Amino acid sequence: MLGKAKELANELSQDICAVIIGSEIRKFCNVLSTFGANKIYIAEDGALKEYNTEIYTSILTKIILKHKPNILLFPATKIGRDLAPRVASTLKLGLAADCIKLTIQNGKLLMTRPVYGDNILADIICPNTRPQMATIRAKMMEKAEPKQNESAEVIKEPVNINVDSFKTIVKEKKKTSIPGVKSIDEADIIISGGRGVGSKETFKIIEELADVLNAAVGASRTAVEAGWKPKSCQVGQSGTTVSPKIYIACGISGTTQHLVGMKGSDVIIAINKDPEAPIFEVANYGIVGDLKEVVPLLTKALKEKKI
Amino acid sequence: MRFIVCVKEVPESIDVKIDLKTNKLQEEGISTTLNPFDQFILEEALKLKKNEDEIIAISIGTPQTKKVLMKCLALGADKAILLSDNVFIGSDSFATAYTLSKVINKIGDFDIIFCGQQTVDGNTAQVGPELAAQLKIPQVTYVESVEKFEGKKLLVKSQTDDGFKIVESQIPVLLAGIPPSSFTPSLPPLRNIIAAQDKPCIIWNFENLDGPKDKYGSVGSLIQITKVYYPPPREKGIMIVEEPITAVEKLIELLTKDKVI
Ligand SMILES: Cc1cc2nc3c(=O)[nH]c(=O)nc-3n(C[C@H](O)[C@H](O)[C@H](O)COP(=O)(O)OP(=O)(O)OC[C@H]3O[C@@H](n4cnc5c(N)ncnc54)[C@H](O)[C@@H]3O)c2cc1C
Ligand SMILES: Nc1ncnc2c1ncn2[C@@H]1O[C@H](COP(=O)(O)O)[C@@H](O)[C@H]1O
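Those protein sequence lines, which keep their order, are chains A and B. Under numbering that gives the first Met the number 0, the first residue of the first sequence is numbered 0, with each subsequent residue one higher. Under numbering that gives the first Met the number 0, the first residue of the second sequence is numbered 0, with each subsequent residue one higher.
Just chain A, same shape as in the assembly (with noise of 0.2 Å):
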């Protein structure tokens, strides 16, 4: 995201500022100063370690009208498109979701997102409500080179909660991504199975095929029904929407509702035992055959090859 901030910044030449909301989360200053942000403001307090959409938004509108940025950008994520459409709504301010591209065009935020699936494309400005505020794909978009010994100016922004006046409490959570093992909306390749692959025994050739490449292992929603994978491995649209470098799909036919999560994807390969399946239709490479015998073979070529 800062990647794309300083992009947009340089053009309008004005600053990058990062806003950081937590507790004890004075460490990521580093990173977002080496990252290119000039002002880091930050909420910090120990009732913050928790998300709670009613804090973070009061705390956040607060400098929002403080400050006034021109632009103001969150990541596509589940806190954020939670986040960001209720603190657009309390400002009243425009709001495009889901971006894949942003660009200046006439001194304004030109948004571009997709619509029905990914199947067409709209370009977004807001006319007169400031901040222009954005969800993105950060994925999307190009990081920013790391520079060693920049420091931004931090800039600490009053905290005041009341505990107890909270309307919505967590009272459990759960990871159901294994520790150690790379989830799918951080991954530069994934690798994904669906009803092909058989049987949670089965898994285990795309597994291995993930382990050489370092990648994550993402699965259909059939698959995940099975019980194959977690749901947190489910890509598409009621899952999660993907668009790593590499997508390996390993016996998915290749449904809309599948497409819409991976189609952003740099390259596709698919595997399949059908030379029909829409998932060819998307794919840079297809190879016809069964992944049974396929993915251990490319397992083996490619661990030879050590990559």
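These are calculated hints, taken from the structure and not from any lab test.
Using C-beta positions, here's what the derived DEER-type ranges look like:
#1 A/VAL180 to B/ILE237: 24 to 34 Å
#2 A/ASN127 to B/GLU27: 23 to 33 Å
#3 B/ASP14 to A/LYS299: 33 to 43 Å
#4 B/ASP209 to A/GLY226: 45 to 55 Å
#5 B/ILE260 to A/GLY2: 19 to 29 Å
#6 B/ASP14 to A/SER57: 39 to 49 Å
#7 B/ASP197 to A/LYS142: 51 to 61 Å
#8 B/ILE192 to A/VAL169: 35 to 45 Å
#9 A/SER164 to B/GLU27: 46 to 56 Å
#10 B/LYS23 to A/LYS170: 39 to 49 Å
#11 A/SER12 to B/LYS147: 52 to 62 Å
#12 A/LYS170 to B/THR255: 49 to 59 Å
No experiment lies behind these values; they were computed from the predicted model shown. Yeah, the Cβ is synthetic: ideal placement off N, Cα and C, and Gly gets one too.
Place chain B with the ligands on chain A using the hints.
Below, chain B with the ligands alone, put in the same frame as chain A:
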């Protein structure tokens, strides 16, 4: 208790086309359905409903949107309200949330507002949180199930970026729902479809709401769509139809040549 479910009519297939003459989306003549996320959350609301409770489905749409509201009634909602007026055309998520808040305020007391997490067409996932902000009530998004509802407290399971959380909320609250992978939308039986004919489906227009006209529709919207177009087509891919071992060799050769790996 009164539950209000916000539903939207969406195209059955998201493979919509752009009318190259007007540069607008071709919306006529395509078959439509109840947004699947909305059907899911309606079914969650129905699970909570006890005899004395009332479920009202509301939708902003065209006169034909009555069809999806009739489906909500057949699925078990008690009453439906359709907002249909040219004034509402061109609403962005903010104006949609504003209109829904006006409808809800007119309905009066409520305990839980249910929204889909997102629509399959616009897919902004913004209307729910924007509506909750305008009604000044808390929100829980990415709700997969309502675990418990007792007294004035609700326990819901909601998805997070790396798993899930259990959230306790007071009412009134707005829940935005996303189906778990096990969800299959139910089809109402014929007798319920027939019985739905006798349930109230009220149609309101702009005149029935208060609020100045310039707060609605495209005039009341804060963003402006300047262009719609097709994404650049993906380059035609290379199909490899060979024995597995040869296919793998060929793939690696291609990937190396194209500098993918
Ligand atoms: C509201 C809604 C939301 C949805 N959200 C999602 C979502 O987020 N993500 C998602 O993925 N789906 C989603 N779906 C479901 C989607 O419509 C499909 O049902 C699902 O994607 C199909 O999964 P699949 O490709 O694994 O299975 P299938 O469509 O059954 O395809 C299996 C494929 O594997 C191939 N195959 C079988 N055996 C082998 C073998 N040995 N070797 C090689 N190939 C083989 C077959 O040729 C076939 O093409 C959603 C549906 C609805 C209604
Ligand atoms: N026109 C509408 N009428 C009623 N509810 C709507 C309308 N548009 C959106 N919603 C609700 O808001 C949710 C999120 O929609 P969206 O922000 O458009 O992705 C939907 O699932 C509905 O519950």
